[in-house]
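**Student:** Using the sequences and the hints given, assemble the complete structure.
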Amino acid sequence: MTESTGNAIHTIDLSKHFGAVRAVDDLTVAIPKTGITSIVGPNGSGKSTLVNLLSGTLPLDGGIVIIEGVGLRVVKAHESPQYGVTRTFQEVRLFEQISAWDNIMVVLTERRLIRSLFERVTPSHKETAERILREVGMWEKRDAMAGELSYGQRKLLEIGRALAMDAQTYLFDEPFAGLFPEMLERVKEIVVTMREQGRTLIFISHNMDIVRELPDHLIVLDSGRLLTEGEVDDVLSREEVIEAYLGE
Amino acid sequence: MSLITQAMRGLRASGPLRGIPRANVERIATILVLVWAVGFMLWQGAGFTITLTTVFAIWAILAVSLNLVVGFTGLLSVGHIGFFGIGAYTMAILASDASYDQLRTESIPTPDWPFFAALPIGIAIAGLVALGVGVVFNRFRDDIFVLVSFGFAIISFSFFLNLRELTRGAFGIHEIPRPAFGGWVLDGEVEFLAFALVCLALVVLICWLIVTSSFGRVLTAIREDEEAIAVFGYRVTHFKLAVWVLSAMMAGLAGALFASWTSFIDPNSFILLESMLLTAIVILGGLATIWGSLLGALAFVLLEEGMRFLPFLPPEFVGQARQVVLGVLLVVLMLFRPQGLVGRYQL
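These protein sequence lines map, in sequence, to chains A and B. Take the first sequence: its position 218, counted from the start at 1, is 218 in my numbering, and no numbers get skipped. Add 248 to the 1-based position in the second sequence for my numbering, that's all there is to it.
Hints are computed from structural coordinates only; laboratory data are not their basis. None of these values were measured; they are calculated from a predicted model. Using N, Cα and C, we set each Cβ at its ideal position, and we do this for glycine too.
Covered stretches of chain A (chain B as the covering partner; in silico rule of three or more C-beta atoms under 8 Å from a C-beta of chain B):
#1 54-65
#2 72-86
Derived, one-sided and incomplete: chain A residues facing chain B with beta-carbon distance under 10 Å:
#3 F89
#4 E96
#5 M105
#6 E110
#7 S116
#8 F118
#9 E119
#10 V121
#11 A146
#12 R161
So the derived label-pair ranges between C-beta atoms look like this:
#13 B:R275 <-> A:A177: 40 to 48 Å
#14 A:D166 <-> B:E439: 54 to 62 Å
#15 B:L577 <-> A:E140: 37 to 45 Å
#16 B:S406 <-> A:I114: 33 to 41 Å
#17 A:T122 <-> B:I454: 15 to 23 Å
#18 B:N272 <-> A:E127: 30 to 38 Å
#19 B:I402 <-> A:K76: 30 to 38 Å
#20 B:V438 <-> A:E79: 51 to 59 Å
#21 A:K76 <-> B:A418: 47 to 55 Å
**Tutor:** Below is the structure:
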């Protein structure tokens with residue numbers, strides 16, 4: 001099934017249940033191809049589950065995901081990069097006992113099994129890894145084991161690893177959470193640069209200052225359902241959003 | 249956090265190795281094992297050295313190949329002995345030229361193939377069995393993987409023991425030939441040792457090429473977080489299956505060498521305990537390091553053979569004593585140096 005739209009991702013009646021809990025409940029939502037989209041909502045509203053479904057980390061229970069015009073009833077994690085989608089995780093998930101350098105390198109190299117057996121690191125791989133590590137401010141820490149890095153450095157490295165994928169659509173699950181101001185500014189710069197490069201960026205955040213500042217489009221979820229969506233100022237001014245979910 | 253975990257962390261933090269740089273510990277461990285080896289060999293003379301080095305070569309092939317699965321990919325297998333046995337039995341069945349009809353015991357056909365005709369078949373069958381088993385095992389990780397690999401070791405042993413039409417069961421298979429290049433038979437111990445060392449060098453080279461390739465880096469990422477690496481476009485199950493099969497084929501090679509060297513095999517060489525010892529060697533030497541597996545195999549062989557010469561230890565207890573010593577060594581290592589003698593990765 002294919003569909004040509006201006007959306008990066010479009011879900012139709014997407015659902016995911018954990019026992020009796022409907023984490024994502026017949027969710028139909030469209031994420032524009034251009035600009036930054038933020039997903040907000042209270043804890044348990046289904047934000048991370050949605051990202052897990054879109055990236056194939058969790059299997060769908062029902063519905064369709066349309067990515068880049070291709071309709072999928074099954075999203076497989078290893079196939080998501082074929083549709084130009086990559087992600088970061090809510091709890092940072094690096095390859096802990098290998099170096100920061102190898103954490104980047106591992107996503108730059110060959111995917112095909114037989115070819116990967118005969119592939120060594122090329123100057124082009126090294127160039128890209130160095131560029132990415134410098135971009136996220138981790139060049140000096142390139143030889144450190146990922147597990148030995150501070151929380152903020154780990155977040156930056158994880159974002160770097162996603163950037164190394166050179167994808168069209170990035171799903172960032174709480175990229176600003178727990179960061180010191182200096183690192184938070186760096187992540188904001190990266191996000192803005194990505195928008196300027198024409199990438200599609202979708203991030204989850206609880207930081208309302210950032211939600212007011214960065215995204216062009218806002219999606220509010222509640223109990224796995226779409227509460228509202230639209231332009232940021234418009235959505236944030238809606239009574240039900242203010243009262244029920246933003247606590248302001 | 250459990251009390252045991254807390255206690256272990258406390259011991260590690262305050263242990264005798266705390267504060268010593270990692271490179272120094274590795275250097276000291278390497279020098280100690282090598283000095284021990286050289287001293288022992290000088291003491292015991294050439295004949296013993298040749299035997300000991302041949303045993304080392306076979307165990308080292310097994311350890312290096314298992315480290316691909318356990319150390320680099322993070323799949324704690326205790327079933328590797330099954331593939332070792334498949335290689336050994338294939339060699340024995342295809343190459344033995346014994347006349348069983350005269351022995352009044354279980355008779356099996358003896359095709360009397362040359363060593364080099366049986367060798368690729370043994371390696372291929374180990375690989376094919378690994379492929380079949382691996383398709384099922386691919387679903388599992390961590391504790392469950394340990395259990396299913398444990399099951400594989402038991403089932404393999406059961407086949408070796410009970411498939412008497414092929415294996416002669418407990419009677420074993422004898423008169424397994426040595427390798428021969430045309431008319432030149434490697435029936436001398438030195439010649440066989442040289443051949444075994446060439447095989448070991450080949451296995452080490454292949455493993456080195458694997459772990460330094462992009463494939464090898466993906467394996468380490470799978471070990472760390474296979475769900476995360478899948479998101480970046482890797483078919484994790486394919487990579488796991490491939491390394492599992494490659495590792496099993498190398499174990500098959502070790503088995504064929506073993507059968508040819510001893511000229512007789514029976515199921516007792518392929519019991520679960522041997523598999524556990526093998527896994528212990530890999531952990532002892534160091535996970536995710538080829539050098540660690542070589543060092544672990546050397547330390548194990550020295551320990552095993554060295555205990556024969558302890559004056560206070562009756563010969564009939566040597567076998568049990570090596571298990572106790574290796575077990576204690578493992579516990580001590582897990583407490584104070586969980587990455588093994590020269591390893592970097594912790595289970």
